[in-house]
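Chains as they are written, first to last, in my numbering: chain A, 1 to 322; chain B, 1 to 277; chain C, 1 to 334.
Hint data in this document are derived by calculation from the structure and do not stem from the laboratory. It should be emphasised that the depicted structure is a prediction, and the values quoted were computed from it without experimental measurement. Hints should not be assumed to be uniformly reliable.
Quick look at which bits of chain B chain A covers, simulated, 3 or more residues with Cβ under 8 Å [said to hold, decoys possible]: (1) 22-31; (2) 45-52; (3) 56-67; (4) 89-97; (5) 101-110; (6) 169-179; (7) 205-211.
Computed list of chain B residues with no C-beta within reach of chain A, every gap over 10 Å [as the list claims (entries may be wrong)]: (8) Trp70; (9) Ile78; (10) Phe82; (11) Lys117; (12) Asp139; (13) Thr140; (14) Pro154; (15) Pro192; (16) Trp195; (17) Thr221; (18) Thr222; (19) Glu232; (20) Gln266.
As a list, the in silico DMTMM-like pairs of lysine to aspartate or glutamate whose alpha-carbon atoms are at most 20 Å apart [said to hold, decoys possible]: (21) C:Lys309 to C:Glu272; (22) C:Lys130 to B:Asp170; (23) C:Lys94 to B:Asp41; (24) C:Lys238 to C:Glu296; (25) C:Lys104 to B:Asp108; (26) C:Lys94 to C:Asp66; (27) C:Lys74 to B:Glu185; (28) C:Lys74 to B:Asp139; (29) C:Lys74 to C:Glu115.
Every residue, glycine too, gets a C-beta built ideally from N, C-alpha and C.
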Amino acid sequence: MRRAAPGSRVMSDRKLPRLLQTPAVLLLLIWMLIPLGMTLYFSFIRYVLNSLRRPEWTTPSLSNWRGFGNYQFVLNNKDFLFAIQNSLLIVCSILFLTVILGVLIAVLINKAFPGRGIVRVLLISPFFVMPAVNAVLWINMILDPVLGLQGLAVNGINGMIASLQNAPVVGWFFSLWPQLEPISFRATQTSAYAVIIMVTWQWTPFAVLIFMTSLQSEDQQQKEAAVLDGAGLWSQFRFLTLPHLSRPIAIVVMIQAIFHLSLYAEIEIVSRGNGNKNLPYLIGEFANNNIGAASATGIFAVILANIVAIFLLRMIGKTLME
Amino acid sequence: MAIVAETSRFGKLSRPVLAWIVGLLFFFPIFWMILTSFKTDADAVKPEFLLFFTPTLENYLNMTENYDYWRFATNSVITSVFATVFALAVGIPCAYAMAFNPSRSTKDVLMWMLSTKMLPAAAVLYPMTFLTKSLGVFDTHFLIIVVLMLINLPIVIWMLFTYFKEIPKDIIEAGQMDGVSTWGEVKEILIPLAWGGIASTALLCFIFCWNEAYWTVRLTTTEAATLSKLIEGNRAPEGLFFGRLSAVSAAAVGPIIVLGWFCQKQLVQGLTFGAVK
Amino acid sequence: MGRIVLENVTKSFGDAQVIPPLNLTIEDGEFAVFVGPSGCGKSTLLRLIAGLEETTSGQILIDGEDATRVPPSKRGLAMVFQSYALYPHMTVRKNIAFPLRMAKMDQAEIDKKVEGAAKILNLADYLEQKPGQLSGGQRQRVAIGRAIVREPAAFLFDEPLSNLDAALRVGMRLEISELHNRLATTMIYVTHDQVEAMTMANKIVVLRAGHIEQVGSPLDLYRTPRNLFVAGFIGSPKMNFIEGSEAEKHGAKTIGIRPEHITVSADSGPWEGTVGVSEHLGSDTFFHIHNSGLAETITVRADGEVGFKHGDRVRLAPREDVIHRFDAEGLRIA
Numbered sequence: 001m002r003r004a005a006p007g008s009r010v011m012s013d014r015k016l017p018r019l020l021q022t023p024a025v026l027l028l029l030i031w032m033l034i035p036l037g038m039t040l041y042f043s044f045i046r047y048v049l050n051s052l053r054r055p056e057w058t059t060p061s062l063s064n065w066r067g068f069g070n071y072q073f074v075l076n077n078k079d080f081l082f083a084i085q086n087s088l089l090i091v092c093s094i095l096f097l098t099v100i101l102g103v104l105i106a107v108l109i110n111k112a113f114p115g116r117g118i119v120r121v122l123l124i125s126p127f128f129v130m131p132a133v134n135a136v137l138w139i140n141m142i143l144d145p146v147l148g149l150q151g152l153a154v155n156g157i158n159g160m161i162a163s164l165q166n167a168p169v170v171g172w173f174f175s176l177w178p179q180l181e182p183i184s185f186r187a188t189q190t191s192a193y194a195v196i197i198m199v200t201w202q203w204t205p206f207a208v209l210i211f212m213t214s215l216q217s218e219d220q221q222q223k224e225a226a227v228l229d230g231a232g233l234w235s236q237f238r239f240l241t242l243p244h245l246s247r248p249i250a251i252v253v254m255i256q257a258i259f260h261l262s263l264y265a266e267i268e269i270v271s272r273g274n275g276n277k278n279l280p281y282l283i284g285e286f287a288n289n290n291i292g293a294a295s296a297t298g299i300f301a302v303i304l305a306n307i308v309a310i311f312l313l314r315m316i317g318k319t320l321m322e
Numbered sequence: 001m002a003i004v005a006e007t008s009r010f011g012k013l014s015r016p017v018l019a020w021i022v023g024l025l026f027f028f029p030i031f032w033m034i035l036t037s038f039k040t041d042a043d044a045v046k047p048e049f050l051l052f053f054t055p056t057l058e059n060y061l062n063m064t065e066n067y068d069y070w071r072f073a074t075n076s077v078i079t080s081v082f083a084t085v086f087a088l089a090v091g092i093p094c095a096y097a098m099a100f101n102p103s104r105s106t107k108d109v110l111m112w113m114l115s116t117k118m119l120p121a122a123a124v125l126y127p128m129t130f131l132t133k134s135l136g137v138f139d140t141h142f143l144i145i146v147v148l149m150l151i152n153l154p155i156v157i158w159m160l161f162t163y164f165k166e167i168p169k170d171i172i173e174a175g176q177m178d179g180v181s182t183w184g185e186v187k188e189i190l191i192p193l194a195w196g197g198i199a200s201t202a203l204l205c206f207i208f209c210w211n212e213a214y215w216t217v218r219l220t221t222t223e224a225a226t227l228s229k230l231i232e233g234n235r236a237p238e239g240l241f242f243g244r245l246s247a248v249s250a251a252a253v254g255p256i257i258v259l260g261w262f263c264q265k266q267l268v269q270g271l272t273f274g275a276v277k
Numbered sequence: 001m002g003r004i005v006l007e008n009v010t011k012s013f014g015d016a017q018v019i020p021p022l023n024l025t026i027e028d029g030e031f032a033v034f035v036g037p038s039g040c041g042k043s044t045l046l047r048l049i050a051g052l053e054e055t056t057s058g059q060i061l062i063d064g065e066d067a068t069r070v071p072p073s074k075r076g077l078a079m080v081f082q083s084y085a086l087y088p089h090m091t092v093r094k095n096i097a098f099p100l101r102m103a104k105m106d107q108a109e110i111d112k113k114v115e116g117a118a119k120i121l122n123l124a125d126y127l128e129q130k131p132g133q134l135s136g137g138q139r140q141r142v143a144i145g146r147a148i149v150r151e152p153a154a155f156l157f158d159e160p161l162s163n164l165d166a167a168l169r170v171g172m173r174l175e176i177s178e179l180h181n182r183l184a185t186t187m188i189y190v191t192h193d194q195v196e197a198m199t200m201a202n203k204i205v206v207l208r209a210g211h212i213e214q215v216g217s218p219l220d221l222y223r224t225p226r227n228l229f230v231a232g233f234i235g236s237p238k239m240n241f242i243e244g245s246e247a248e249k250h251g252a253k254t255i256g257i258r259p260e261h262i263t264v265s266a267d268s269g270p271w272e273g274t275v276g277v278s279e280h281l282g283s284d285t286f287f288h289i290h291n292s293g294l295a296e297t298i299t300v301r302a303d304g305e306v307g308f309k310h311g312d313r314v315r316l317a318p319r320e321d322v323i324h325r326f327d328a329e330g331l332r333i334a
């Protein structure tokens, strides 16, 4: 080792890269392992924040060992399965909607038209809105059944129909119309949809931008060849554009899955988890008192995240190193 | 592209109209928020003042006086800037090594880093709170900076890696032949060449830091509380104070949106995470 | 000075040995060309000499000193890359000055050297431009300029002309040859193009799968190829190979005869065939002869004025004194 020390580039070729990676790897390792270790530990003991009956449970200690008790408790909790289903429902719906909308809009604005730059600026804006503001804005000012735009719009339409019912000649036709009911998005059945709507609004621009960038690199000669071969617009889209977009779609799906699996602020703000818990939110609820159960749920969440991660990384990993 | 079949009516007329409608539709909620922020709380919920009203700055004045907006904003700026700087400082050497001296494990390391982002934050919230409180760093700028840096580090490294990979290996080798040191390689060749990519990465990292709303809310009380905390703390009871709420919200997202507009080009490139050409 | 000696040098990537033990000496001032088909290890060999790859075993001596473990910049060699590898963010002046700046040379000295190199390479008008604004040939000159200013013991060229179009390539070939004559510095040049090898080299090293097939001057290789591979690789159009009874007549497994050593005519010569495609270059014409009973195709080089048409029956007369004979192993029979 000493022999090669003075400025030896050739020799250090193997060691230097490892050295440069060390800080980042070490930091992330600590960031992952310490909390994970603690969560694992807490998940096997009885640990609550307040207990008048059993004050000894309020400090973490191995003497409160509970084995898989916390896990059993969580599995038997009616909210648990629901939270998993709901997590998947929310993530999958958002992914589906953003990809479809993203492809359509990207194809729409891929060609030059007057004011394209401005449209792009308008489109990109929602992505910069912080999640808390996004939720507050949508649930209060837009989706609120009374005071939000939705309420006002429904009210306005109902008023208009009511006045038309008295109109001559066509009045009978409008009197057949039902009174419109505004939808409350804070209700148990609908709060998940509110979250899906607002997150889709925020992340569609992201999908659009990625797809647009990718479309711009599409091989135009290939398209011209296809036109000469008699391919219509639909065939061009189906057989050239869509396959070209497969990698960007995979990336959009992966990045979004990473962000949406840990959705929290939106759920909290829309309905405080009422009828719309996902796993992170359920953990948060448990953690108000029962740390043991929260930790056990956390371990389940880690497992779920890993399943998703393995699935996604398989999809992306191959193309990453090219 | 000059394909004859494209000169249909749709391409000529409907495309721009449709595109504009979509653009305006997506921007509308933000527009609505800004509009509402200039209404009084009472006017904000009255249908007759939907579009036509007497604008007022009352909400913004109220916000700075009663809500201590500037303190939250300053905290947001400080934590986001430093977290971004540190993330780059740690991320650049790492991505550099991975891009130019990849080993067999590089791909796995990269994937593992990304997968740390999938760990549910809620699962480790309690241990984190416990730990930071016992270490005496709870509610400090230091803690928020470190946490923001760590949660964004995987994305930063991944983005930088994809940008660095674009640099031809020949140029780095030419540098080696020309006698640059490792530090010189980074300073003289890598950073100037990947400047666009680094800027995109920094911007995106800054935005993610600014918008972060889990740890910043839960690991602070007052000292290091950011704008996310301000929003969380002030989402008023349903339907009340729309004007005030809009003003706070607009003031929280405004700077970032404006920044985003100005750096649109870099951001579009950055948003693709360097993975789409 | 620039005498480069490789002693039992090997290189493996993982389990795959791409360079088996190899010995080679390049004398000071020589223009050595490594030539071979793609994947033959010629670039790897050059990179081993440059220090961009670590040798797995063996020694590299530069001017008698062991340079095997010396970092690339300390070996006193300069390299010109196939992609030019210019620093796109620096002007031409800064590009050329870069190695000198890295060597902490005095600024006045740097300016003098850069100006000098620019003059030699006709770059004086472009010094303040960025590489992106230059044509391929100009970029190549900048890359050479960056190498020249270091006054290296040897220049290493890694397929430097393969990104240029045909006309420029001929021009740059001459310029590099001229440069070699002027500087009289050792140059090692890697190419897959045997024309470049033949026209530029003092010494050609023909490589295949990491092995040296033959080392010699261009004419040595042309006149006395050591085996079938070299015979087929050097010379254009390719040498014709004939097996079977015709070869046995000459006491060989295979005989080789170059297209320029066969005369084509309507009525004289021992071989016969039908004209296929004829390629008219103006000065010469290449006839591809079929149905000769000797080989699939026999290529013949004739004067540009010779005018046979597709389908004509012709007779071929080889020059007996320049028939190359090879044994069953493909080695030359003396």
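Practice item. Any hints from earlier that this structure breaks? Give me their numbers in increasing order, please. Key: 3, 6, 11, 14, 19, 23, 25, 26, 28, 29
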